[in-house]
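K.L.:
Using the sequences and the hints, build the whole thing.
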Amino acid sequence: MPKITIDGKTIDLPAGATILQAAQALGIYIPRYCYHPALSVSGTCRMCAVEVDKAPKLQIACATEIADGMIARTDTAAVKKARKDVLEFLLANHPVDCPICDQAGECSLQDYYMDYGLHKSRVAPEDKIQRSKHRAAGRYLVLDNERCILCTRCVRFCDEVTKTNELTVSGRSDASFIDIREGKSLDNDYSLNIAELCPVGAFTSRDFRFKQRVWFLKRIKSVCTGCAAGCNIEVHYNENTVYRLMPSPNPETNTWLCDRGRMTYKALQAGDRLRKAFVKKGSMEIEPAIRHAAHLLDEAARKTGPESVVVLGSPYLSIEDNLALAELAATSLKTSNLCLDFPREQGVKDGILINKDDAPDANGLKLLKARYAGLDQGALIELINSGRIKLIVAEARALSSLKEKLRELSNIETVILAVTKSDLDFESACVLPYAANFETEGHFVNYKGLLQKTTPSVAAPDGVKPLWTVLSKLSSCTGAPIRLEDAAELRERISEFIK
Amino acid sequence: MSYKISEKTRAKIDELRKIYPQKEAVLIPALHEMQKEAGWVSEDAIDALSACLGLPYARVKGVVTFYTMFNRAPVGKYHLQVCRNISCHSMGAPRILSHLKEKLRIAEGETTEDGLFTLSTVECLGSCGTAPVIAVNEKYHENMSVEKTDMLLRELGLQQ
Ligand code: SF4
Ligand code: SF4
Ligand code: FES
Ligand code: FES
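Chains E and R are the protein sequences, given in the same order.
If you use this note's numbering, the first sequence corresponds to residues 1 to 499, in order.
If you use this note's numbering, the second sequence corresponds to residues 1 to 160, in order.
Simulated from the structure, these hints should not be mistaken for lab results.
With the C-beta cut set under 10 Å, the calculated list includes, among others, these residues of chain E facing chain R:
hint, residue
1, Asp-159
2, Thr-164
3, Thr-168
The beta carbon of each residue, even a glycine, is placed where N, CA and C say it ideally should be.
P.N.:
Next comes the structure, spelled out in structure tokens:
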């Protein structure tokens, strides 16, 4: 393996590695704009130039492969001057509107200027070539060509990752700019990654823009529950509000995030978020509604027997919540009508990330099914359609997924568990809200069988509790508690599933 | 799509594809052929070529707009292309350019009403040794000065 020395430190790396990668491995930071580890190398920005022994001029670290015995330096006067010069070029026509730019705080142009530039501009503002100012560039993006440094990361992303080719560099030299075809917009399923990989404030997110200065944001790692891919995310939040989701790259799951996944946090603040319970369409405090639900369960069992009640698990719920549902059926209601059977077609849908299965936990549900068995879905549907069932307890999306196969739900009472109103697509006698995945810890098993957990970043609305707590209370009201009073008890009980 | 690549040009493109295994490499010569025929490269022409070569629109658009040789709009009988690059710039191109604007009463990128002249600036014409240079269609006029430019305009039929 070739051995390279950078700034006096030596490392062996497989042939084909670049100086930039070697520096990274040595813990030496080389500034860069166009280089992105997940995209092809383009070598357009020249920011990464380093001195290499015996080379007649500076070499770009991102595109120069290491050779045995190579000696490179990143801290010489020539390198510093080159960085300064590159920055001067990049800023020559830049509007320097940082105070009103939403990238401030995470802008490489700003950061590098402070680290390596600090030059005075030699171009008077009136001599600057003006490019177009911000405009919507798609459902989720704003493009401000004036701030673009033409690193082409965005172009390469659309060419190489989504292969949708929306973008190009039009024109040439100081007249070049990032161009989208007249009348077209940048609407691929992964467009928000562009706001993230744009090193400056040229592409920004319409959703996140001006909501929060980035230096106020706190970050916590979690998992997206928008589909079975189980992408790892970083939740950016402040003062009990989530502001955006970013990928937390994991070779097992994801480098990027899809736009829908990035937007899943919107449910938290959505206008139709359930903050109270609903009983017969009337809003009700949660505690009395739980008592009402317990009453419905008791009534049904008393009048028509426990076997007239059905409890559904859900591929949309965590192992914790499904465990509570299974326990509710087995321990409290003592009904054998529990269904944990939700076969789903899984697999990457578009060759990138998005899974055919939009439920995050069909595989976690299988673990519970192995332990609790219960009815097959076919048998369940037959049972419900037979008219013998009087009451169903279910998470909203799980029941919706069966709706087509069910005859008339209107003569069956339902106790529905839901986070937002939009999840409800049928009438229900009683709707109980519960905490969303950003508000509580939960375990999920992705389509590859990877067990992961969400980490809470914000608190649920007042009085809204995790589903397992809601179900535990419900069970207590029926007089046969499932005993999931606190997190310690819960952990103990799910331990067999999350080994 | 209203633009159709003519049989003749298509045949030429097919020939080019045999020489260049990479589709991208065919772009420039193919665009030259298309421009020769239509005088300029329209949006529709870009679509037609991208379909013909199986390249994304954006790829073709980038190339068309990079090279000043490709006209994005119809041009007049004489296309005056003033080199704006370093050598020509330092040898007086800006003066010649402003003189041309004054004489023709048009801005860069515009065509005179009589359809005789189009004025544009272009990048280095590869003739730095004889800067400043004006190309009229394909013909170079070298070592230009304001006086020589006036002579040129008269020769080309500018009515005063
Ligand atoms: S818009 Fe951003 S990502 Fe695209 S070329 Fe400009 S600076 Fe780079
Ligand atoms: S692919 Fe699925 S898991 Fe990944 S970000 Fe999108 S919705 Fe979330
Ligand atoms: S990072 Fe190396 S040239 Fe841009
Ligand atoms: S700069 Fe004008 S020909 Fe080279």
